[in-house]
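Chemist: Add chain B to chain A, keeping to what the hints say.
Protein chains: 2
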Amino acid sequence: MTPVPRASAATSPRELAHPSCDEIRLEGVLHALSDPMRLRVVRELAVADAEVACSYIELPVTKSTTTHHFRVLREAGVIRQTYRGTAKLNGLRRDDLDALFPGLLDAVLAAAEVQSARLAGS
Amino acid sequence: MTPVPRASAATSPRELAHPSCDEIRLEGVLHALSDPMRLRVVRELAVADAEVACSYIELPVTKSTTTHHFRVLREAGVIRQTYRGTAKLNGLRRDDLDALFPGLLDAVLAAAEVQSARLAGS
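In order, the protein sequence lines correspond to chains A and B. According to UniProt numbering, the first sequence is numbered sequentially starting from 1. According to UniProt numbering, the second sequence is numbered sequentially starting from 1.
It is worth saying that the hints were derived from the structure and are not from the lab. Relax, there's no trap hidden among the hints.
Here are some chain B residues the structure puts well away from chain A; computed CB gaps all over 12 Å:
(1) 16
(2) 17
(3) 55
(4) 71
(5) 81
(6) 87
(7) 88
Calculated lysine to any residue pairs in the SDA-like style (CA-CA distance at most 25 Å, straight line):
(8) A:63 to B:31
(9) A:63 to A:87
(10) A:88 to A:43
(11) A:63 to B:27
(12) B:88 to B:16
(13) B:63 to A:31
(14) A:63 to A:46
(15) A:88 to A:65
(16) A:88 to A:21
(17) B:63 to B:19
(18) B:63 to A:27
(19) A:88 to A:62
Glycine is no exception: its CB is placed at the ideal position from the N, C-alpha and C atoms.
Okay, chain A solo, but in the shape it has when bound (with noise of 0.2 Å):
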């Protein structure tokens, strides 16, 4: 029997790089989650709670401008992104963060909505 050639997570090309835990940075994460685009994909990735496409957050900038801003979350440890086929998912690596820094990504969502809804309201 010929063993089937299987493409380990580990080793794949299409992995993409994530920092581990212990390479989570606070300041990186502040400096992701501090502009608007970037803030917007973590409120949506927190609502559906689910991993979804990059597409499915819809971003008023250009398709590159979108890869860059979900890299950037990427990199700080604040998204998770693993291909699935041929789409790329996304999911918030909320147990992570909350483990790291209790208390941050719920207070930074709340000050999103209560901003949001303030801004909305003026």
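Modeler: Just chain B, lined up with the frame of chain A:
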């Protein structure tokens, strides 16, 4: 009796520009906090719980870089800088930030504390 001329805080040329609460944006606050030096300033101001001179907080950077970091924090609405005679005093705008984004500053300060302990222990 000759009135003693007094420099009004509102009209003094040495009055520094600060965003009003309406002008403070979450993204700007997060960006201001996303730098290690600025995060350190904010942590020290939180501990000091008083207005302190820039020189009170020693950063391993040049004086002009220090001045830059304090300006970014002021322009984002994170700190208030006021002249008292020849000294420029700095204080955290904790009340304003807590009113705008409840829990955010505390969550960031707690996260910074956790990270410091983790990095010191590793």
